[in-house]
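Asks: Chain residues, written in single-letter form:
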Amino acid sequence: GAVVSQHPSWVICKSGTSVKIECRSLDFQATTMFWYRQFPKQSLMLMATSNEGSKATYEQGVEKDKFLINHASLTLSTLTVTSAHPEDSSFYICSARDLAGGPTDTQYFGPGTRLTVL
Amino acid sequence: AQSVAQPEDQVNVAEGNPLTVKCTYSVSGNPYLFWYVQYPNRGLQFLLKYITGDNLVKGSYGFEAEFNKSQTSFHLKKPSALVSDSALYFCAVRDGNNAGNMLTFGGGTRLMVKP
Numbered sequence: 090g091a092v093v094s095q096h097p098s099w100v101i102c103k104s105g106t107s108v109k110i111e112c113r114s115l116d117f118q119a120t121t122m123f124w125y126r127q128f129p130k131q132s133l134m135l136m137a138t139s140n141e142g143s144k145a146t147y148e149q150g151v152e153k154d155k156f157l158i159n160h161a162s163l164t165l166s167t168l169t170v171t172s173a174h175p176e177d178s179s180f181y182i183c184s185a186r187d188l189a190g191g192p193t194d195t196q197y198f199g200p201g202t203r204l205t206v207l
Numbered sequence: 004a005q006s007v008a009q010p011e012d013q014v015n016v017a018e019g020n021p022l023t024v025k026c027t028y029s030v031s032g033n034p035y036l037f038w039y040v041q042y043p044n045r046g047l048q049f050l051l052k053y054i055t056g057d058n059l060v061k062g063s064y065g066f067e068a069e070f071n072k073s074q075t076s077f078h079l080k081k082p083s084a085l086v087s088d089s090a091l092y093f094c095a096v097r098d099g100n101n102a103g104n105m106l107t108f109g110g111g112t113r114l115m116v117k118p
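For the protein sequence lines, the chains are A and B, in the order given. First residue of the first sequence: 90, per our numbering; consecutive thereafter. First residue of the second sequence: 4, per our numbering; consecutive thereafter.
Treat the hints with caution; some may be incorrect.
[As the list claims (entries may be wrong)] Each computed DSBU-like pair below joins lysine-lysine, with the alpha-carbon atoms no more than 35 Å apart:
hint, chain 1, residue 1, chain 2, residue 2
1, A, Lys144, A, Lys130
2, B, Lys117, A, Lys153
3, B, Lys117, A, Lys109
4, A, Lys153, B, Lys72
5, A, Lys153, A, Lys109
6, A, Lys130, B, Lys25
7, B, Lys117, A, Lys144
8, B, Lys72, B, Lys52
9, B, Lys25, B, Lys61
10, B, Lys72, A, Lys109
11, A, Lys153, B, Lys61
12, A, Lys130, A, Lys153
[Claimed, not checked] Pair ranges (Cβ atoms, derived):
hint, chain 1, residue 1, chain 2, residue 2, range
13, B, Asn44, A, His174, 31 to 39 Å
14, B, Pro10, A, Trp99, 15 to 23 Å
15, B, Pro118, A, Leu157, 40 to 48 Å
16, A, Glu176, B, Asp12, 18 to 26 Å
[Claimed, not checked] Sample of chain A residues facing chain B (criterion: CB under 8 Å; computed from the structure):
hint, residue
17, Lys103
18, Ala161
19, Thr164
20, Phe198
Derived from the structure by calculation, the hints contain no laboratory data. The beta carbon of each residue, even a glycine, is placed where N, CA and C say it ideally should be.
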């Protein structure tokens, strides 16, 4: 159980275009989803936390107008990288927390999306 | 503030030998501790967690971790390493007393198991 999927797994786009990444919890409902960014050989950097039906909370230094997050349902959150530039190239990972859980619950992670901006 | 330290960037071990991946943490409230594994170009896979109770926690794929409150450590262990265990391992902590309950990750440790 507790499967999180991401789509697409790999995307290459031209500079200036926008890219949407989907994150779905397949077998559980997630009130809270998290978006992380990971640079090569580095740890995960939390970008934002999204709660279903409300605006996302962004971490310091993350541009909310550049990384648009929508959490429209209990099983789907999307991250849109707007006007992407080569420096946005990275591995983006989403994570979801089970609706039924409290502070002891586990976060489950998606397989990640590798974005390459040319 | 909460933090996690994984002092070793890489751990090398021969197949069949025991392995240990170290983790120490700092948190003001009750520590909820997690280990995740990441294979190349993949997301993180949950291995085990400590919330309360027995200090020795058993998880997936034969891994276990021991919570040591006095040393603020949560080292990951396995009695006999497999080549397929080679991956990137992350320790994470959450403050159980904090309503925000954010996970904070360590920098990761690359485990290399050689045949």
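Asks: Run every hint past the structure and note whether it holds.
Replies: Hint-by-hint comparison with the structure:
no.	hint	in the structure
1	A/Lys144 with A/Lys130	31 Å, holds
2	B/Lys117 with A/Lys153	44 Å, violated
3	B/Lys117 with A/Lys109	40 Å, violated
4	A/Lys153 with B/Lys72	38 Å, violated
5	A/Lys153 with A/Lys109	14 Å, holds
6	A/Lys130 with B/Lys25	18 Å, holds
7	B/Lys117 with A/Lys144	47 Å, violated
8	B/Lys72 with B/Lys52	15 Å, holds
9	B/Lys25 with B/Lys61	16 Å, holds
10	B/Lys72 with A/Lys109	43 Å, violated
11	A/Lys153 with B/Lys61	40 Å, violated
12	A/Lys130 with A/Lys153	25 Å, holds
13	B/Asn44 with A/His174: 31 to 39 Å	22 Å, violated
14	B/Pro10 with A/Trp99: 15 to 23 Å	33 Å, violated
15	B/Pro118 with A/Leu157: 40 to 48 Å	47 Å, holds
16	A/Glu176 with B/Asp12: 18 to 26 Å	25 Å, holds
17	Lys103	22 Å, violated
18	Ala161	22 Å, violated
19	Thr164	17 Å, violated
20	Phe198	4 Å, holds
The structure does not agree with the numbered hints 2, 3, 4, 7, 10, 11, 13, 14, 17, 18, 19 stated previously, though it agrees with the rest.
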